Amino acid sequence: MSFRLRVNPIACEAHALCVELLPELIRLDDWGYPILEQPEVPSELLGLADRAVEACPTLALILEEEPD
Amino acid sequence: MSLAEHQRVHGELPHRDPHELIEAVEASGLRGRGGADFPTARKLRAVGGSRRVSAVVVNGSETEPASAKDRLLLTRLPHLVLDGAVLAAQAVGASEVILQLGTGAASAPGALEAALAARDRDPVPVSLAAAPEGYVAGEESAVIHHLNGGVGLPTFVPPRPFQKGFRGRPTLIQNPETLAQVALVARFGERWYRELGTSADPGSALVTISGAVAAPGVYELAFGTSMIALLEAAGGATERLRAFLVGGYFGTWVQAERALELVLAREDLRSVGCSLGSGVLIALGESSCGLHESARVIDYLSRQSAQQCGPCTFGLRAIADSIAAIASGVAHPQETERVKRWASEIRGRGACHHPDGATRFILSALDVFAEEVAEHRRQRCRARPAGLPVGGPVAEEPVVGRRR
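Protein sequence lines correspond, in order, to chains H and C.
Residues in the first sequence are numbered from 381 upward in steps of one, following our numbering.
Residues in the second sequence are numbered from 633 upward in steps of one, following our numbering.
Be aware that a few hints might be false.
SDA-like mimics (lysine to any residue), calculated; alpha carbons at most 20 Å apart, straight line [said to hold, decoys possible]:
{"id": "1", "chain 1": "C", "residue 1": "Lys972", "chain 2": "H", "residue 2": "Leu416"}
{"id": "2", "chain 1": "C", "residue 1": "Lys972", "chain 2": "H", "residue 2": "Glu417"}
{"id": "3", "chain 1": "C", "residue 1": "Lys972", "chain 2": "H", "residue 2": "Ile390"}
{"id": "4", "chain 1": "C", "residue 1": "Lys796", "chain 2": "H", "residue 2": "Ile390"}
{"id": "5", "chain 1": "C", "residue 1": "Lys972", "chain 2": "H", "residue 2": "Asn388"}
{"id": "6", "chain 1": "C", "residue 1": "Lys972", "chain 2": "H", "residue 2": "Arg407"}
{"id": "7", "chain 1": "C", "residue 1": "Lys972", "chain 2": "H", "residue 2": "Ile415"}
{"id": "8", "chain 1": "C", "residue 1": "Lys796", "chain 2": "C", "residue 2": "Lys972"}
{"id": "9", "chain 1": "C", "residue 1": "Lys972", "chain 2": "H", "residue 2": "Trp411"}
{"id": "10", "chain 1": "C", "residue 1": "Lys796", "chain 2": "H", "residue 2": "Arg407"}
Hints in this document: simulated from the structure, not taken from any laboratory.
Note that the structure is a prediction, hence the values are computed from the model and not measured.
Use the sequences and the hints to build the structure in full.
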């Protein structure tokens, strides 16, 4: 199993908590919206990715399981 | 064409076994004509494979300002489109057909109502619905959202309409031209369909050509037709050409000399980074300024953003403002670099493909009109407005920019 992050861009309101929690994979654009630099989440970052998903106030960050 | 005329020209609506029809469509090589170029048989299979398909939606929104082919088909040959929709409904097991009309075709709802009233032998009910205005309203998730009682704006996908569409059930949504082609394949077969076009791109397409040509309009052309032949079909150029916009406002600018070496085929168009999209071609004459025209179009596209997603709302606005500054010659020389960075950053980050299409358009403009960008820094240009349609009256005031 591999895991990928996705942003629901309609729900996202640029609170940017995800970037605080997961700067390894996410950075902000000039307007404060997240850019997923690498959607695939390496296993060692899964815990942090989970925390970022839970922290999003608008539930816009999604962690999806993908069958290999 | 009335129903009687239609039947005289095309023959009665044939009965085709669903499986057999999808096979024929597959063998024909038909691809969707709404712009995404997706193999029609694959879409039919994806929807037909599910249970409880709610509807076939004919997406007649045609929100691309320079496109006229769907409107033409729906007003002149409504029965061919409806035949295709009804056949597709049978093929995927849909219980109804909804004909979504754009503002163009909706100007003749009476004619379409009469066409529907004349058809009393359709196996499924067919109804009309009006599409809301706006460039993104024609995007398929937006069409479904509107039909489901919501606003006509794109939704977060997946689920896509073929998974969860009208009434929350699997829905087949197709462009009118695609369905008209399905109706022809059902009648005359895949061999007949393949008599035109190339082996990789069989059949013909409706192309809306406008701009600096003597006879702008909608032309049916076989795939593989050269751009030179296309230009001749449209009465030839009215002046020396500077560039072509291929594929509408989500499309790509190509230098005229380069474009005239091309043929209308996916492979060839891809070699210069374009696709035919929904079949829109605009010829830009040398008396006009591509940079100025592109600035107007990107401003239009930024205003047409659904304003639902931050990167599109803010990113396209910023890009449009930068391009306006570049076109008026007041931008910093590095401004194009910033536009390129923004374009690469907002691509793929909307719920729909609006930012992707708009950035493809503007990046090609910066590339093809690089000379104009440099000239605009040095001098005022006195180009004539080409008047690319942007949903409002065409500005007649003198424009900033190069040439004459």
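Taking the hints in turn, this is what the structure says about them:
1. Lys972(C) with Leu416(H): holds, 18 Å
2. Lys972(C) with Glu417(H): holds, 17 Å
3. Lys972(C) with Ile390(H): Judged against 20 Å, a Cα distance of about 24 Å means the pair is violated.
4. Lys796(C) with Ile390(H): holds, 18 Å
5. Lys972(C) with Asn388(H): violated, 24 Å
6. Lys972(C) with Arg407(H): holds, 18 Å
7. Lys972(C) with Ile415(H): At roughly 16 Å apart (the allowed maximum being 20 Å), Ile415(H) and Lys972(C) satisfy the hint.
8. Lys796(C) with Lys972(C): Judged against 20 Å, a Cα distance of about 36 Å means the pair is violated.
9. Lys972(C) with Trp411(H): holds, 16 Å
10. Lys796(C) with Arg407(H): Distance of about 32 Å is beyond 20 Å: violated.
The structure fails to meet hints 3, 5, 8 and 10 from the earlier list, while all remaining hints are met.
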